[in-house]
Amino acid sequence: MSEILFTIDAKEVKATEGMTVLEAAKSIGVFIPTLCHHEKLEPYGACRICMVEVETGGRTRIVASCLYPVEPNLVVRTRSQTIDKIRRVLIEEMLAHAPDSVQLDELAKEYGADRDRFEKEPSFCIHCGLCVRYCAEIKKKNALGFIDRGARREISFIPKLAAEECWNCKECFELCPTSALQAAYVLAQALSPV
Amino acid sequence: MPRINSPGELEAVRREIESQADRAKPCVLICAGSGCIASGAAEVIAAFRAEIENQGLAVDIGTKGTGCHGFCERGPVVVLYPEEICYLQVKPEDVPEIVSKTLKGKEIVERLVYADRATGEKASRESEIPFYKNQQRHVIGSNVRIDPKSIEDYMALGGYTALSKALCDMTAVEVLGEIKKSNLRGRGGGGFPTGRKWEESRNAPGDIKYVIVNADEGDPGAYMDRSVLEGNPHSVLEGLIIGGWAVGACQGFVYVRQEYPLAVENLMIAIEQATEYGFLGQNILGSGFDFKVTVHRGAGAFVCGESSALMTAIEGKAGEPRPKYIHTAIKGVWDRPSVLNNVETWANVPLIIARGADWFTQFGTEKSKGTKIFSLVGKINNTGLVEVPMGTTLRDIIFKVGGGIPGGRKFKAVQTGGPSGGCIPESMLDLEVGFDELSKVGSMMGSGGMIIMDEDTCMVDVARYFLDFLADESCGKCVPCREGIRQMLKILTNITQGKGKEGDIERLEELAEVAGYAALCALGRTAPNPFLSTLKYFREEYEAHIRDKKCPALSCKELIAYYIDPNKCRACMTCSKQCPSNAIDGGKNRIHVIEQDKCTKCGTCFEVCPSRFGAVTKISGAPVPPPIPEEARIITRESKQK
Ligand SMILES: Cc1cc2nc3c(=O)[nH]c(=O)nc-3n(C[C@H](O)[C@H](O)[C@H](O)COP(=O)(O)O)c2cc1C
Ligand code: SF4
Ligand code: SF4
Ligand code: FES
Numbered sequence: 001m002s003e004i005l006f007t008i009d010a011k012e013v014k015a016t017e018g019m020t021v022l023e024a025a026k027s028i029g030v031f032i033p034t035l036c037h038h039e040k041l042e043p044y045g046a047c048r049i050c051m052v053e054v055e056t057g058g059r060t061r062i063v064a065s066c067l068y069p070v071e072p073n074l075v076v077r078t079r080s081q082t083i084d085k086i087r088r089v090l091i092e093e094m095l096a097h098a099p100d101s102v103q104l105d106e107l108a109k110e111y112g113a114d115r116d117r118f119e120k121e122p123s124f125c126i127h128c129g130l131c132v133r134y135c136a137e138i139k140k141k142n143a144l145g146f147i148d149r150g151a152r153r154e155i156s157f158i159p160k161l162a163a164e165e166c167w168n169c170k171e172c173f174e175l176c177p178t179s180a181l182q183a184a185y186v187l188a189q190a191l192s193p194v
Numbered sequence: 195m196p197r198i199n200s201p202g203e204l205e206a207v208r209r210e211i212e213s214q215a216d217r218a219k220p221c222v223l224i225c226a227g228s229g230c231i232a233s234g235a236a237e238v239i240a241a242f243r244a245e246i247e248n249q250g251l252a253v254d255i256g257t258k259g260t261g262c263h264g265f266c267e268r269g270p271v272v273v274l275y276p277e278e279i280c281y282l283q284v285k286p287e288d289v290p291e292i293v294s295k296t297l298k299g300k301e302i303v304e305r306l307v308y309a310d311r312a313t314g315e316k317a318s319r320e321s322e323i324p325f326y327k328n329q330q331r332h333v334i335g336s337n338v339r340i341d342p343k344s345i346e347d348y349m350a351l352g353g354y355t356a357l358s359k360a361l362c363d364m365t366a367v368e369v370l371g372e373i374k375k376s377n378l379r380g381r382g383g384g385g386f387p388t389g390r391k392w393e394e395s396r397n398a399p400g401d402i403k404y405v406i407v408n409a410d411e412g413d414p415g416a417y418m419d420r421s422v423l424e425g426n427p428h429s430v431l432e433g434l435i436i437g438g439w440a441v442g443a444c445q446g447f448v449y450v451r452q453e454y455p456l457a458v459e460n461l462m463i464a465i466e467q468a469t470e471y472g473f474l475g476q477n478i479l480g481s482g483f484d485f486k487v488t489v490h491r492g493a494g495a496f497v498c499g500e501s502s503a504l505m506t507a508i509e510g511k512a513g514e515p516r517p518k519y520i521h522t523a524i525k526g527v528w529d530r531p532s533v534l535n536n537v538e539t540w541a542n543v544p545l546i547i548a549r550g551a552d553w554f555t556q557f558g559t560e561k562s563k564g565t566k567i568f569s570l571v572g573k574i575n576n577t578g579l580v581e582v583p584m585g586t587t588l589r590d591i592i593f594k595v596g597g598g599i600p601g602g603r604k605f606k607a608v609q610t611g612g613p614s615g616g617c618i619p620e621s622m623l624d625l626e627v628g629f630d631e632l633s634k635v636g637s638m639m640g641s642g643g644m645i646i647m648d649e650d651t652c653m654v655d656v657a658r659y660f661l662d663f664l665a666d667e668s669c670g671k672c673v674p675c676r677e678g679i680r681q682m683l684k685i686l687t688n689i690t691q692g693k694g695k696e697g698d699i700e701r702l703e704e705l706a707e708v709a710g711y712a713a714l715c716a717l718g719r720t721a722p723n724p725f726l727s728t729l730k731y732f733r734e735e736y737e738a739h740i741r742d743k744k745c746p747a748l749s750c751k752e753l754i755a756y757y758i759d760p761n762k763c764r765a766c767m768t769c770s771k772q773c774p775s776n777a778i779d780g781g782k783n784r785i786h787v788i789e790q791d792k793c794t795k796c797g798t799c800f801e802v803c804p805s806r807f808g809a810v811t812k813i814s815g816a817p818v819p820p821p822i823p824e825e826a827r828i829i830t831r832e833s834k835q836k
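Protein sequence lines, in the order shown, are assigned to chains A and B.
First residue of the first sequence? That's 1 in the working numbering, and the numbers climb one at a time after it.
First residue of the second sequence? That's 195 in the working numbering, and the numbers climb one at a time after it.
If you only want the chain B side, here are some residues facing chain A, beta carbon under 8 Å, derived:
id, residue
1, A495
2, P517
3, A665
4, E667
5, S668
6, G670
7, V673
8, P674
9, I679
10, Q681
11, K684
12, Y711
13, L714
Below, in silico cross-link-like pairs of lysine-lysine (BS3-like), each with a Cα-Cα straight-line distance of 30 Å or less:
id, chain 1, residue 1, chain 2, residue 2
14, B, K525, A, K14
15, B, K812, B, K743
16, B, K684, A, K85
17, A, K141, B, K525
18, B, K518, A, K141
19, B, K695, A, K85
20, A, K14, B, K518
21, B, K771, B, K792
22, A, K120, B, K684
23, B, K751, A, K120
Hints are computed from structural coordinates only; laboratory data are not their basis.
Virtual Cβ for every residue (Gly too), placed ideally from N, Cα, C.
Chain A with its partners taken away, still in its complex shape (with noise of 0.2 Å):
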């Protein structure tokens, strides 16, 4: 493997071909902030928080470090007003539907969001997709997915085999950002015909 030389805020980074920005800057302890990436699964880019600015050939682009490979000379930086701003809106977007959760409250206070920015509609899922994720490519299970499409989308455990697979697995639940998976799995089991 060939290694690639580029800075992250203004540090030098050695890495090697086909990593990502996020495990570069993780290498080196640059914190880039995420919600839907799992080293063990494969990148999914869904909740953009993890939004860089790279620089190539002159050109600046705006970039998922969780999904961006590597490249020689590349300029990466982590914050900028840009950045913020766009980490700022999601979170309140986020903050929307899930407004108890830790890890959002965490990140509203590093950026300033504001919590009332936009009406609640409190679903509790902010579907970053790590449950659904983790059920089928670690557990292989496909237990739940995400079912319908576009504002309307949402998770859902298959009733029958929650109630057969769930109960003695329960690993995703505290991968869960938010506190819906466990919702969700109790509501599951109410509607299980077992």
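Put chain B with the ligands on the given structure of chain A with help from the hints.
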């Protein structure tokens, strides 16, 4: 049908097809596109066949159901060849008269020819009708002459000679060079240079590569791709095979939406016929090139037209966009180099190869070459499909080809580029259409949808309408799109309902900015366009809604009231009889008054009040005047006094 093994054999077969007696004989060409079929074309075709038989003309006159002629508004369209006499809105009852008068007697049936709605001027030939006269129909022009189910019809017009030229007289690199030189840009969305995309795939590592037709066409109201695929499927196939050769791909896919059954049917027939003739399969035309095509039917979600979502769907997974910082041209379907182009882009390829890049670049602007098909819908006289050279002004498209705005109303804006395109105001009607030109003014080419709006359209409501569409069609995976659109839609809905607040515009702008920067795919990144472009050109309408609770176009239901002007009402009782909510207090010789608390704002009274009175008006942003005193309401009619 014989398999054709060389360019020489192709030419021989083509000559033979051309020389067949029935190709030269007069023919009735009846549009059998989805639009005309919906208005009864199948019955008209049957009527012609029966009548021609009855009158003993079957030996001399042919009939043919063809691809879409474009003038769907006035369908079923019938063209009598070779004179090219064009009859519109033909019904089965008209057929006997057409056969006896025109086919036999060479006399024109006046009532069926085109008459201009404004001037009444008539035109009996397709080429003389203003709608057609001002077009340049390179891509859809052949639709009119071809039975889409007949490969021989396509071959008679020179079909598959471009393939023969590409495979047998040119190297793959030369073909690629010709496409690059033509500056052909993608007709499906972003206007990406086609040759560059092909080259990227050609140079990408890997033995197995794919070329793909995007026939998902999810824009509401757009049907350019349907008409091409339905009306001339071989032109798309031929382009795809040539593309496969240039890129070094062994397989092609056509991703076509389930809702296009006729397009799928005609395409399947076309693939079968092309395979029998040997234009698909092993060792095509003796060149040593092998290529096959598979049809994939899409589930019809708008987002499935996005390149990464489409490719995920071809792999058999849920059609959701996936993050791509590596072009699909390098890593696409099953991570293999995959070239995706729009239907119309592919259909241009055989034309460029057959006639040369220099021919193609004669048309268009500096950076947008060739022609473009647009679908004209909305408040316009001639709705339909039109193909014009790039660089034609919006004004010419809307007024010369489209025939202007109906009902004497004033033009207000044209929305281009599909649901995430933008609205362009009257002051910019002289804009020449092209990819960069449209982007510069905050809209886009998209796939070529054009929705014309007149003065009665509220621009805030237009933005709300498109965001409503996108809220349903977003896949919902990423936050800035799913949540951004949801919040934008909420705020816009509130504004149109008179619940707008100070700060709404700024909130919308921030949501729009973040979606534009941060959304995962182009759907989310362009979703704010309907809002941003209407704000840019019609900001005062937003402000009027928010500040004065007024809808300047008098269109937003919650912000208007219907009111009967007591000075104009003649107590004819037309409105009070028809009001479905019994909200109009009137009676004989009593000036009518709308009881506001009962009115549901259905607008019936506004429509039925005789235009010589014009007493019903709409009020917005101001209180409704109180009813006049009872004694003043009695009308004493002069005639009765005498
Ligand atoms: C939400 C969305 C929907 C799209 N739908 C279509 C479509 O229906 N047809 C199409 O040709 N391109 C569509 N595109 C554009 C494609 O992603 C892609 O750019 C195009 O097919 C490439 O072909 P072209 O270069 O010939 O235009 C869509 C893009 C987005 C973001
Ligand atoms: S339930 Fe929790 S873990 Fe699952 S998608 Fe929603 S927020 Fe993520
Ligand atoms: S931008 Fe919208 S459509 Fe595209 S991935 Fe995100 S949620 Fe899905
Ligand atoms: S962590 Fe990168 S998009 Fe969620």
